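There are 2 protein chains.
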Amino acid sequence: MPPASSVPMEKRPRMVDKLASVRGFFNAENVRKVTNNSALAAYFLPSTDAHNSEYLAEYDFRVKFLSNFSGSNAQVVITPKKALLWTDGRYYVQANRQLSKEWEMKTMNEPDSITVTEFLISELRRGDFVGFDPTLLSFDSAETMRKKLKGVGIHLVAVDGNLVDPIWANRPSLGHKKVTVLTKQEHGKETSVKIKELREKLVKKKCTAAIYTVLDDIVWLLNIRGFDITYNPLVYSYLLVTAEKVVLFIDESKLDETSTKHLIDSKVDIQPYESTFEYLKNWNSTTPDQRIHLSPATNYAIGSIFGVDNIVTDTSFAQIAKAQKNDIEMEGMRQSHIRDSAALVEFLVWFENEMLAGNEYSEIELAKRLDTIRSRQEKYVDLSFSTISAFGDHAALPHYHPEGEDGQRKANSKNVYLVDSGAHYRDGTTDVTRTVWYTNPSSEFIKSNSLVLKGHISLAQTVFPSGIMGGRLDTLSRHALWQQGLDFSHGTGHGVGHFLNVHEGPIGIGISTAAARPGGELKVGQVITIEPGYYLPGSYGIRIENCYETVKTSVPSGADNFLGFKTLTLVPIQTSIIDKSIFTESEINWLNEYHSEVLEKTGKQLLKNGKTREYEWLKTACKHI
Amino acid sequence: MPPASSVPMEKRPRMVDKLASVRGFFNAENVRKVTNNSALAAYFLPSTDAHNSEYLAEYDFRVKFLSNFSGSNAQVVITPKKALLWTDGRYYVQANRQLSKEWEMKTMNEPDSITVTEFLISELRRGDFVGFDPTLLSFDSAETMRKKLKGVGIHLVAVDGNLVDPIWANRPSLGHKKVTVLTKQEHGKETSVKIKELREKLVKKKCTAAIYTVLDDIVWLLNIRGFDITYNPLVYSYLLVTAEKVVLFIDESKLDETSTKHLIDSKVDIQPYESTFEYLKNWNSTTPDQRIHLSPATNYAIGSIFGVDNIVTDTSFAQIAKAQKNDIEMEGMRQSHIRDSAALVEFLVWFENEMLAGNEYSEIELAKRLDTIRSRQEKYVDLSFSTISAFGDHAALPHYHPEGEDGQRKANSKNVYLVDSGAHYRDGTTDVTRTVWYTNPSSEFIKSNSLVLKGHISLAQTVFPSGIMGGRLDTLSRHALWQQGLDFSHGTGHGVGHFLNVHEGPIGIGISTAAARPGGELKVGQVITIEPGYYLPGSYGIRIENCYETVKTSVPSGADNFLGFKTLTLVPIQTSIIDKSIFTESEINWLNEYHSEVLEKTGKQLLKNGKTREYEWLKTACKHI
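Those sequence lines, one after another, are chains A and B.
Residue numbering for the first sequence follows our numbering, starting at 139 and increasing by one per position.
Residue numbering for the second sequence follows our numbering, starting at 139 and increasing by one per position.
Heads up, some of the hints might be wrong.
Pairs count within a copy or across copies, as identical chains cannot be separated in the list.
[Unchecked claim] Below, simulated EDC-like cross-link-like pairs (lysine to aspartate or glutamate); rule was C-alpha separation at most 16 angstroms, straight line:
1) K332 <-> E281
2) K219 <-> E582
3) K661 <-> E248
4) K661 <-> D250
5) K327 <-> E492
6) K288 <-> D447
7) K202 <-> E242
8) K327 <-> D266
9) K339 <-> E256
10) K343 <-> D250
If you're looking for bench data, these hints aren't it; they were derived computationally from the structure.
As the structure is a computational prediction, the values presented were derived from the model and not from experiment.
Based on the provided sequences and hints, a complete structural model is requested.
This is how it looks when you write it as structure tokens:
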């Protein structure tokens with residue numbers, strides 16, 4: 139997630155000045171070229187990049203540069219008089235703190251939310267023009283928006299060149315970090331086999347080619363990993379796959395001898411990243427009758443080269459294939475989670491001792507300590523996201539990251555400490571959250587914490603039919619909270635990549651993913667988090683998160699199509715802050731069995747690491763209740 | 139649901155002949171007009187009418203006429219060599235029994251299902267033409283299908299005049315049954331007020347007009363009810379609402395003096411039903427710059443008059459408004475459910491006595507007996523659907539209706555009897571299912587029945603946030619079954635109309651409605667069924683269904699946005715066929731409290747009806763466990 143901007147505080151233009159500068163371009167030449175010489179009545183800027191990445195390279199932090207909002211999901215609309223920023227339930231508190239008074243925050247997906255399109259319809263007049271950067275909006279959503287606006291006589295126009303970039307004086311560069319190549323022992327399936335399987339699926343769909351624009355699809359297909367986006371093992375690139383050829387568009391300075399050889403051996407043509415649009419235009423004009431398989435995330439700049447009639451928009455085959463780990467990937471996930479769990483336990487032991495001894499550390503110091511312990515583990519590559527180290531009411535912000543003055547807050551034993559963290563290892567990616575409170579936890583907190591854990595266990599121990607959409611399980615993690623009139627405003631879980639994105643589609647257990655998103659079916663061999671929470675703004679926050687693999691489960695009926703969850707994360711859950719009386723016998727059994735497995739596997743790892751003191755602590759932490 | 143065709147058996151052309159006749163029109167003049175003189179490579183026929191009704195007038199039973207399949211959801215594709223029929227999980231067993239060997243059944247919405255469009259893409263060749271009747275496919279789905287097919291060079295063309303109708307010798311007529319007008323004491327809100335509120339919503343959406351094509355929208359807005367479709371209080375019509383006028387397209391022979399006066403008083407212009415398309419074409423050409431609010435169910439014949447750029451496709455405002463009953467409607471629902479429950483109890487008492495006495499009745503006779511008892515209740519108008527009276531393994535067909543030889547099966551006390559039934563009263567519509575087994579129920583049945591009831595109660599007693607999509611609650615009714623490796627293949631619940639459709643959108647608790655269907659948010663004052671089931675083909679079936687109203691619920695947190703379900707249906711649930719040990723204390727309390735309410739309210743009604751013997755039976759049936 140977004141680290142602090144590299145532009146020093148004093149050099150930043152004031153928010154109002156930035157807005158004025160952007161508005162100054164509403165009548166610029168590149169605008170007038172597509173508006174019959176009119177000025178824009180609004181400019182639409184989503185917080186993404188040309189690859190629809192969830193986390194961005196600093197190079198693409200346009201929304202943060204413009205608005206100061208650092209959350210990972212935002213849509214901005216600038217009009218001559220207004221500046222609005224839409225975000226979702228994870229970020230309402232944060233956005234209200236980070237946005238200056240020139241900005242208005244709008245909610246997403248609430249019953250009374252209005253969408254950007256609905257806002258534009260109510261705000262603008264017939265004949266008005268709305269501009270957007272064609273690399274920053276997907277072809278599908280741009281087409282949908284264009285049609286809806288056209289119905290009321292408003293024109294949505296693609297403006298080449300982003301209106302924020304010219305005022306961004308010290309814009310960070312993308313860098314030239316070299317990609318790394320996975321070995322067969324690491325990836326489990328050769329690129330040539332993945333490409334072959336992909337081509338078979340294209341033929342079945344009567345498609346002649348696929349263009350990959352989402353970065354984790356590309357690196358997974360090519361068995362490489364990159365380092366362009368902090369905490370995300372990705373490299374800026376596009377990939378064209380036809381029946382005859384595979385073309386990778388990439389900055390060649392990011393390839394060394396090994397990766398170049400690997401790509402050439404895998405019969406991949408290498409072309410400059412900057413040449414993508416030009417190359418595809420030429421290829422399209424010289425190779426008629428194409429039917430292109432594109433992910434819905436494909437940007438408008440690429441989609442508009444081919445036009446709606448020649449496109450099949452569908453969840454990419456790589457997304458679906460990648461979600462089901464092969465045996466080597468899954469074994470890597472299991473092993474990396476054991477090492478990662480041992481690292482987190484090592485931190486928690488130290489933290490508890492320090493807190494009970496009355497020593498003080500800031501949230502930032504605590505995150506650094508944990509990050510350092512993780513970095514010493516075997517096969518460690520990087521964190522999988524910026525560690526959430528949140529004390530007291532900071533924990534009530536689900537996506538809080540300790541930064542600046544806020545992050546200087548000192549933790550102590552007398553309030554809640556929430557730590558959500560993970561890492562990339564060569565053999566897997568991890569993501570885990572624990573919430574602890576050592577001295578005098580309030581009874582209200584204990585009650586809420588128990589409800590969150592009850593929801594977690596209820597979902598973790600359920601059995602369900604293979605092939606259902608993950609969203610259908612979401613309610614199980616909220617049910618206990620609902621009965622008390624409580625809820626939380628984020629999804630329950632997300633897919634996790636194998637040494638890849640910590641948020642990996644298309645699977646998830648969420649509110650909006652309750653929709654039938656193609657490819658979101660739960661199948662055996664997937665990795666997904668369960669992470670219900672509860673957040674009381676101004677007081678405390680709770681989240682309990684493990685990663686799970688989906689496994690075939692035997693059922694009394696004898697049916698062979700039922701699945702269950704098997705834990706990957708093996709870190710104790712603090713039992714002194716739960717009210718045992720609200721749990722069923724079966725839920726208590728789950729917790730006790732979980733702790734037995736933690737002690738066995740994480741304990742063994744701690745002993746292997748020479749951490750005998752931590753092992754003794756673990757024995758106590760894993761005692762059955 | 140569909141009664142037997144009015145064409146006697148011996149006069150029916152054989153299925154193969156019918157298919158041959160339809161194929162004979164693949165090259166007809168009305169086809170060649172839209173195909174550049176080519177013959178069709180396929181004809182697509184969904185089982186609906188021009189109003190996208192779920193249940194059809196016999197006049198529109200084209201799919202049944204052609205294929206013999208009588209289920210309510212089907213999509214048919216005829217090619218020169220193949221005849222295929224798609225249906226959903228409710229009907230797989232039934233379709234396999236009813237379709238002759240010339241037909242191939244295809245599944246809908248299963249993980250391995252392929253859609254009609256996908257089938258056409260895999261089956262046909264570039265340049266082929268697929269025909270459809272523009273009144274039988276929605277504008278949206280036709281446009282989507284057209285684009286997808288166009289990508290592989292296949293043309294979807296609207297063929298005027300249905301290809302089945304010319305071979306349908308004794309096609310039933312629509313009839314001329316008069317509409318009835320609701321009084322203020324019955325509807326609770328004048329038509330003029332409903333139209334005024336609708337116009338306000340149109341202005342807010344920047345729409346200039348709405349066209350209603352879905353029949354329950356129209357009769358609800360106009361406070362009338364019709365009798366064109368068996369068991370559905372609807373009249374064939376279209377409705378145009380602009381800022382200045384309201385135009386009803388209807389066969390005037392269906393209006394009497396009262397209804398004509400009511401419509402004129404409500405400032406509704408009356409135009410012939412047949413003139414709809416012509417009128418709208420003229421109106422569109424003389425009134426430019428329209429922005430028309432259309433439901434996604436609007437047929438292609440109407441949508442194509444205006445074109446995609448002038449249409450706002452969205453759940454109709456009438457659908458959303460109608461789902462939230464006003465006080466008079468809701469009180470009517472409560473009262474009609476008490477009377478209806480007393481009728482069903484009267485039947486169940488008689489049935490149990492007859493079965494235990496060893497007397498034999500066929501499924502059809504039993505349904506008639508129940509229907510007669512219902513018809514004697516105050517304010518009774520009609521059944522709300524054809525009574526499902528199913529003995530033994532017939533109960534394993536979720537949408538079974540006793541007809542022909544099958545319906546002659548005699549019930550006895552030694553197997554399961556499932557009765558799913560309901561009625562329209564002037565003050566409300568009902569829908570209830572009970573499953574009973576009096577002598578020696580198998581322990582396997584008792585276990586399954588207990589799991590179904592556990593799922594029912596789990597959902598019925600849940601508390602949930604107002605505004606969530608109903609689909610998010612679906613899993614609660616399946617969870618107990620899943621843990622044993624069991625499931626059922628239909629949704630958990632549907633909205634119910636007020637003296638209107640027994641399946642009423644847009645709310646529902648379902649598998650596919652887990653998607654965010656606009657307007658599907660659960661709010662206070664709605665009526666919805668809960669009806670989990672379990673079906674073991676060849677053995678037995680179970681379903682336990684009540685109607686519930688959504689009510690504000692106080693929660694420990696003090697939040698004011700949580701809802702719960704309050705029962706409308708008040709019929710005892712047989713307690714001698716459940717295994718108490720699998721229920722939680724809270725679930726048993728729910729059941730006991732439910733039975734107390736049944737005894738109080740339905741008991742009172744039975745006494746009012748002079749049914750003292752039945753009241754004594756009820757006292758026993760409602761004993762706490």
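> Between the shortest in-copy and the shortest cross-copy C-alpha distance, which are at most 16 angstroms for K327 and D266: within, between, both, or neither?
Replying inline: Neither. Shortest intra-copy (52 angstroms) and inter-copy (40 angstroms) distances fail the 16 angstroms Cα cut-off.
>> Within a copy, between copies, both or neither: which one fits K332 and E281 at a CA-CA cutoff of 16 angstroms?
In response: neither (31 angstroms within a copy, 34 angstroms between copies)
>> My question is about K202 and E242: at a cut-off of 16 angstroms on alpha-carbon distance, are they close within one copy, between copies, both, or neither?
In response: within (15 angstroms within a copy, 57 angstroms between copies)
>> One pair to classify: K661 and D250, alpha carbons no more than 16 angstroms apart. Within, between, both, or neither?
In response: between (35 angstroms within a copy, 13 angstroms between copies)
>> If the cut is 16 angstroms between Cα atoms, do K339 and E256 qualify within a copy, between copies, both or neither?
In response: between (38 angstroms within a copy, 14 angstroms between copies)
>> Treating 16 angstroms as the Cα threshold, decide for K219 and E582: within, between, both or neither.
In response: For K219 and E582, the Cα distance exceeds 16 angstroms both inside one copy (45 angstroms) and across copies (69 angstroms).
>> Please sort K327 with E492 into within, between, both or neither, judging by C-alpha distance up to 16 angstroms.
In response: neither (46 angstroms within a copy, 68 angstroms between copies)
> When no copy is specified for K343 and D250, does a C-alpha distance of 16 angstroms or less occur within a copy, between copies, both, or neither?
Replying inline: between (39 angstroms within a copy, 15 angstroms between copies)
> With identical chains treated as interchangeable, where does the CA-CA distance between K288 and D447 reach 16 angstroms or less: within a copy, between copies, both, or neither?
Replying inline: between (20 angstroms within a copy, 6 angstroms between copies)
> Taking 16 angstroms as the upper bound on the Cα-Cα distance, should K661 and E248 be classified as within, between, both, or neither?
Replying inline: Answer is between: at 14 angstroms across copies they meet the 16 angstroms cutoff, but 30 angstroms inside does not.
Against the hints set out earlier in the document, violations occur for numbers 1, 2, 5 and 8.
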